[in-house]
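Protein chains in written order, with the numbering used here: chain A, 3 to 316; chain B, 3 to 316; chain C, 3 to 316; chain D, 3 to 316.
By construction, these hints were calculated from the structure, which means they are not laboratory data.
Glycine included, each C-beta is placed from N, C-alpha and C at the ideal position.
Among the hints, erroneous ones may be present.
Non-contacting residues of chain B with respect to chain A, defined by C-beta distances greater than 10 Å in every case (computed) [to be verified]:
#, residue
1, Y5
2, I15
3, D22
4, E97
5, E145
6, D164
7, E166
8, K308
Here are the simulated distance ranges between beta carbons [what the hints assert, rightly or not]:
#, chain 1, residue 1, chain 2, residue 2, range
9, A, D281, D, G96, 34 to 44 Å
10, C, Y144, D, L161, 26 to 36 Å
11, C, Y129, D, N47, 22 to 32 Å
12, A, Y5, D, K43, 33 to 43 Å
13, B, E19, A, K200, 54 to 64 Å
Some chain D residues judged to face chain A by a derived CB distance under 7 Å, without partners named [to be verified]:
#, residue
14, G120
15, T293
16, I301
4 protein chains.
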Amino acid sequence: MAYVKDFKWKKGIKVSEYVDSLANIGFQSVQLANASNVFVKMKKNSAKIFLTFTSNMVTSGLRGFFAQLIQLKMADIIVTTVGGLEEDIMKAKGEKFSIGTFNTDDVELHEKGINRVGNLMINNESYMNFEDAILPILNKLYEKKKRWPVSEFFREIGLMLDDEDSILYQAAKNDVPIFCPAITDGAFGFHLYMFQQKHPDFIIDVIKDFGNILLSTNQDEKKGIIALGGSISKHHAILCTLLNGGAEYAVYMTTAHKTSGSMSGATTNEAKSWGKVKDESDIATVIGDVTIMFPLAMIKALEELKEDGLLKNG
Amino acid sequence: MAYVKDFKWKKGIKVSEYVDSLANIGFQSVQLANASNVFVKMKKNSAKIFLTFTSNMVTSGLRGFFAQLIQLKMADIIVTTVGGLEEDIMKAKGEKFSIGTFNTDDVELHEKGINRVGNLMINNESYMNFEDAILPILNKLYEKKKRWPVSEFFREIGLMLDDEDSILYQAAKNDVPIFCPAITDGAFGFHLYMFQQKHPDFIIDVIKDFGNILLSTNQDEKKGIIALGGSISKHHAILCTLLNGGAEYAVYMTTAHKTSGSMSGATTNEAKSWGKVKDESDIATVIGDVTIMFPLAMIKALEELKEDGLLKNG
Amino acid sequence: MAYVKDFKWKKGIKVSEYVDSLANIGFQSVQLANASNVFVKMKKNSAKIFLTFTSNMVTSGLRGFFAQLIQLKMADIIVTTVGGLEEDIMKAKGEKFSIGTFNTDDVELHEKGINRVGNLMINNESYMNFEDAILPILNKLYEKKKRWPVSEFFREIGLMLDDEDSILYQAAKNDVPIFCPAITDGAFGFHLYMFQQKHPDFIIDVIKDFGNILLSTNQDEKKGIIALGGSISKHHAILCTLLNGGAEYAVYMTTAHKTSGSMSGATTNEAKSWGKVKDESDIATVIGDVTIMFPLAMIKALEELKEDGLLKNG
Amino acid sequence: MAYVKDFKWKKGIKVSEYVDSLANIGFQSVQLANASNVFVKMKKNSAKIFLTFTSNMVTSGLRGFFAQLIQLKMADIIVTTVGGLEEDIMKAKGEKFSIGTFNTDDVELHEKGINRVGNLMINNESYMNFEDAILPILNKLYEKKKRWPVSEFFREIGLMLDDEDSILYQAAKNDVPIFCPAITDGAFGFHLYMFQQKHPDFIIDVIKDFGNILLSTNQDEKKGIIALGGSISKHHAILCTLLNGGAEYAVYMTTAHKTSGSMSGATTNEAKSWGKVKDESDIATVIGDVTIMFPLAMIKALEELKEDGLLKNG
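Could you put the whole structure together from the sequences, leaning on the hints where they help?
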């Protein structure tokens with residue numbers, strides 16, 4: 003049995019030592035330490051790892067960390083929303099997002115052409131530059147073929163980028179597919195629509211891409227899910243593992259609670275009733291802000307996996 | 003200036019009287035009373051009303067209320083996720099969902115073939131019956147045409163149902179389009195995929211459907227948003243109003259908080275920075291469980307609108 | 003087994019009908035309907051009812067409702083914090099609190115002498131008038147005796163007030179004791195301190211008052227807890243029931259979640275491990291804003307209890 | 003202006019480097035990095051530092067960290083609830099608390115004599131041993147004097163303990179007063195009551211102790227507040243700074259949100275309207291689990307303060 007241990011600061015303490023201590027503090031710290039262990043187990047046991055995150059996390063500085071995890075092969079399959087992929091492209095093209103506060107005069111921001119995501123700020127200009135970047139890309143892809151499953155579409159875009167910190171770039175380079183079940187739910191929706199107006203035979207084939215995610219793993223393979231935040235990203239990944247016999251490992255990190263019955267707040271336990279994760283799986287649900295907790299838990303896992311030589315390009 | 007007033011129970015108090023009182027209690031009760039007023043204003047001023055909700059709300063008994071709101075023309079455009087539409091079909095076909103508790107033995111549920119959504123339960127059988135119902139529908143639609151925008155696809159399904167309490171049925175009957183930006187993120191994804199395997203020219207055209215939502219309103223029309231919960235449903239509706247000059251009215255009801263920077267927790271104020279709602283718009287953000295709060299606020303509005311003869315079929 | 007039922011609006015719907023419907027909607031609506039039933043049961047079975055609330059609820063318009071519940075004998079014992087009792091006195095003396103918004107310029111408010119509690123506002127003047135009111139009261143009490151258990155102290159104050167909507171007034175009039183385990187944690191702390199400087203033999207006897215709450219019930223009596231919000235009010239009541247063999251009925255309503263291990267978020271289930279509530283007790287935990295949910299659940303119970311002639315003065 | 007920066011893992015990363023990175027990630031990570039800076043500023047500017055925490059944090063392994071902070075003089079005044087002080091004594095006497103899960107069979111735990119606090123477990127035995135320990139202490143204190151202000155009472159107990167990791171021990175040894183505005187709200191309440199039954203002249207003087215906290219600082223001194231969680235601990239400390247002209251520095255860390263109008267969720271901004279913190283103060287509100295976030299933010303501050311020789315005994 004584990005016991006509560008008094009935490010004490012030692013000068014120069016490393017993140018990995020800190021996460022070790024969390025296992026004996028209590029409440030969500032225990033959950034976070036568990037999550038870190040599940041990360042290690044899914045990699046050590048060669049599970050196919052699904053990493054899902056929401057758009058706002060790509061707005062944040064987690065974007066480069068996600069790219070790094072893809073590079074290190076700590077993620078085999080990405081599921082996310084289109085807004086994040088748009089911002090990944092913006093950043094790859096040099097756009098900068100600034101840091102403000104949660105309490106601001108939003109009318110004033112609007113007048114200045116600044117769009118707020120919590121305490122982060124995106125300029126209208128970044129969206130305009132995105133538009134300029136995306137049109138030639140659509141033309142090139144259309145020349146190649148007319149009917150694009152979503153993940154293949156984003157893979158091609160990734161190959162056209164040149165930024166080590168880009169999710170799309172690293173995913174394309176490392177053969178990690180990116181699934182995005184609602185590709186029109188962002189600026190992309192508008193640009194694709196305008197393009198299709200001129201090229202009516204241009205098609206995004208979402209059905210075909212469901213086949214792609216379904217066949218990205220199988221019943222025999224061990225499967226792990228790292229779901230950051232909620233939304234369709236989380237749901238789509240666990241739907242895929244459900245159809246492939248359930249995941250052996252699952253970590254959910256979110257600020258949502260189970261009490262509203264939402265997907266965002268659904269726990270790893272609830273997932274068992276569906277067979278989304280296996281009855282005897284290793285699971286952890288951690289409640290809190292992903293920007294603080296996810297790197298903590300993952301760093302600890304990376305340090306251990308690095309020791310064991312289990313990280314690619316690491 | 004409004005003042006706090008002591009609430010007192012009177013025997014036989016009506017919901018509308020209760021919501022009136024809430025305006026002078028405090029905290030979220032004030033927000034809820036505001037929301038009710040914004041509902042009235044958007045209807046009185048003939049705004050095009052976007053109603054968005056998440057799948058779990060259709061799992062719940064709100065489903066029939068949504069259908070009723072469509073019938074009364076309190077909603078002109080629906081945006082939701084595919085899971086809810088699947089469950090709407092199941093219920094229209096006679097499936098029953100049972101009520102349990104949030105704390106259960108999920109492994110035991112799994113063995114019994116019961117899937118849990120918070121404290122609600124869906125049998126595996128309901129999914130099997132759904133499969134049986136959906137295949138002939140796909141065949142019929144395929145005979146009509148090969149390439150379906152999502153909202154047209156669901157309209158056809160609605161026309162095949164026969165249930166006054168069905169969202170799809172009432173929407174089809176009352177010419178209210180249902181947009182669903184991630185149609186493959188559910189059982190539908192699997193069935194569509196299997197169908198396309200046999201009929202490779204069968205296409206769901208998500209790009210075309212973006213045009214449909216974009217053109218469902220315009221810059222000149224007044225626009226109102228009622229966003230229940232978060233997710234892409236909420237985001238997709240406000241993206242559409244953003245591209246049409248911003249909404250004049252907006253009510254967000256959610257359990258999510260703005261502090262994580264998520265779309266689910268994004269407030270009506272944050273929306274102003276983007277131009278998603280207009281600077282001088284009537285807005286209310288209410289924090290709490292939609293199953294309790296939304297009917298409360300809407301009932302009060304319906305009673306007032308009924309008096310004024312502003313409800314269709316009412 | 004209970005099933006999900008589609009909710010439908012009927013013109014003129016009463017609160018009691020609405021709460022009936024909630025039992026078949028889902029998520030927190032089911033919890034709220036359960037809570038309402040537990041209220042009925044605790045009264046029908048003649049349980050000694052502990053009602054606890056936090057200070058901000060007295061800032062709100064719930065204050066008059068609490069007074070009414072005391073008058074109706076739906077509460078036999080009150081536990082609360084001192085801030086609320088101060089505001090009850092202010093309101094009894096005619097002070098008005100105004101309604102503002104959660105997002106304000108707090109520096110500007112400070113300059114205007116306005117103190118903010120969420121979206122409610124208290125003027126500095128109200129605190130000054132409170133001071134003027136409280137000093138003669140302290141003098142009178144000191145003349146009676148020098149050593150005051152907290153609940154006896156507040157009972158005397160209640161007898162000096164003249165406001166049907168006052169918690170202190172109704173409690174004194176109906177022999178309902180008010181326990182307040184941290185009497186110095188508010189403006190009272192300062193005024194009592196200044197008074198004791200002049201009268202060093204003036205004592206507030208908190209130990210004696212622990213005896214008073216302990217003996218306010220016993221092992222044989224049935225006990226019910228209605229804990230609104232968290233804090234020491236909730237803890238103190240359940241500590242008392244724990245020492246008296248555990249409660250048979252318990253309803254917790256709060257916005258706090260169990261995931262942080264806090265008392266505010268502790269559930270009625272957790273209470274079983276302590277014996278705070280009995281193993282076989284009737285319990286409900288409802289998550290959400292008390293200003294909306296508590297009157298809803300209680301109104302439904304009052305209507306039923308009124309029918310059965312179980313309300314005093316009702 | 004600060005910009006979002008991509009976070010990248012480097013092997014062997016230290017906690018202080020990690021917290022530096024958080025300043026450029028986004029959402030609560032930015033708040034946490036701010037909080038860390040405010041900790042540094044309050045110490046560098048010789049503010050009188052109030053540290054407040056709730057009982058469950060002492061149940062957790064933060065207890066030893068709080069003791070260490072007292073020893074290092076990062077806290078000049080402690081405000082907390084009595085349950086935590088009881089558990090500090092239990093731990094000082096050798097009791098061990100174990101780690102379990104949030105989802106357990108609470109009836110089974112009750113039968114085993116195990117009391118649950120979130121995912122932490124306290125045996126009934128620990129409470130019995132506490133009783134055995136406390137009675138001789140009460141006798142000794144009673145021999146010294148009959149009338150005890152709370153903080154003096156706990157100081158004496160601290161002097162009788164012998165555990166470097168004890169909050170009471172370090173506080174007594176380092177002349178840091180511990181204020182506890184509701185001393186009877188725990189097992190202490192019962193033991194003090196039983197003791198007073200035998201010794202009616204035994205008095206806990208809470209009014210006198212209000213004077214002690216009021217005079218623990220003054221208008222001229224700079225003041226800082228570190229409020230972990232909510233409850234009367236937080237309120238009592240800010241009440242004291244309010245009466246002394248307002249704090250120059252304030253960090254609130256909590257899982258509660260401002261939307262319910264509760265003290266637990268009240269922000270550092272709201273505090274400005276009251277004058278609890280000064281208009282131009284350095285403030286940060288961080289939302290999330292204290293067991294993970296507080297050590298993170300504080301470790302970074304300690305490392306910097308250590309470099310500058312500003313930590314006592316460090």
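**Prompt:** Does 33 to 43 Å hold as the CB distance between Y5 of chain A and K43 of chain D, or does it fail?
**Reply:** 36 Å Cβ-Cβ, so the 33 to 43 Å window holds.
**Request:** Hey, is D164 of chain B genuinely clear of chain A, shortest beta carbon separation above 10 Å?
**Result:** 28 Å, holds
**Asked** If you take the shortest Cβ to Cβ gap from T293 of chain D to chain A, is it below 7 Å?
**Response** 4 Å, holds
**Message:** Does the beta carbon distance between Y129 of chain C and N47 of chain D stay inside 22 to 32 Å, or does it fall outside?
**Reply:** 30 Å, holds
**Prompt:** Would you say E166 of chain B is clear of chain A, with no C-beta pair closer than or equal to 10 Å?
**Reply:** 25 Å, holds
**Item:** Exclusion check [I15 of chain B not at the chain A interface, CB over 10 Å]
**Value:** 27 Å, holds
**Request:** Using the beta carbons of Y144 of chain C and L161 of chain D, state whether their distance is inside 26 to 36 Å or not.
**Result:** With a Cβ separation near 35 Å, Y144 of chain C and L161 of chain D satisfy 26 to 36 Å, so the hint holds.
**Request:** Starting from the range 34 to 44 Å, see whether the pair D281 of chain A and G96 of chain D falls in it by beta-carbon distance.
**Result:** 39 Å, holds
**Message:** Does the closest beta carbon of chain A sit nearer than 7 Å to the beta carbon of G120 of chain D?
**Reply:** Because about 5 Å separates G120 of chain D from the closest Cβ in chain A, which is inside the 7 Å limit, the hint holds.
**Prompt:** Falls inside 54 to 64 Å, the C-beta gap from E19 of chain B to K200 of chain A?
**Reply:** Distance hint for E19 of chain B, K200 of chain A holds at roughly 57 Å.
**Message:** Hint validation: I301 of chain D versus chain A, beta carbon distance must be below 7 Å. Holds or violated?
**Reply:** Holds - the Cβ of I301 of chain D comes within 7 Å of chain A, reaching about 6 Å at its closest.
**D22 of chain B non-interfacial with respect to chain A [C-beta, more than 10 Å]** = 26 Å, holds
Comparing the model with each earlier hint shows no violations; every hint is respected.
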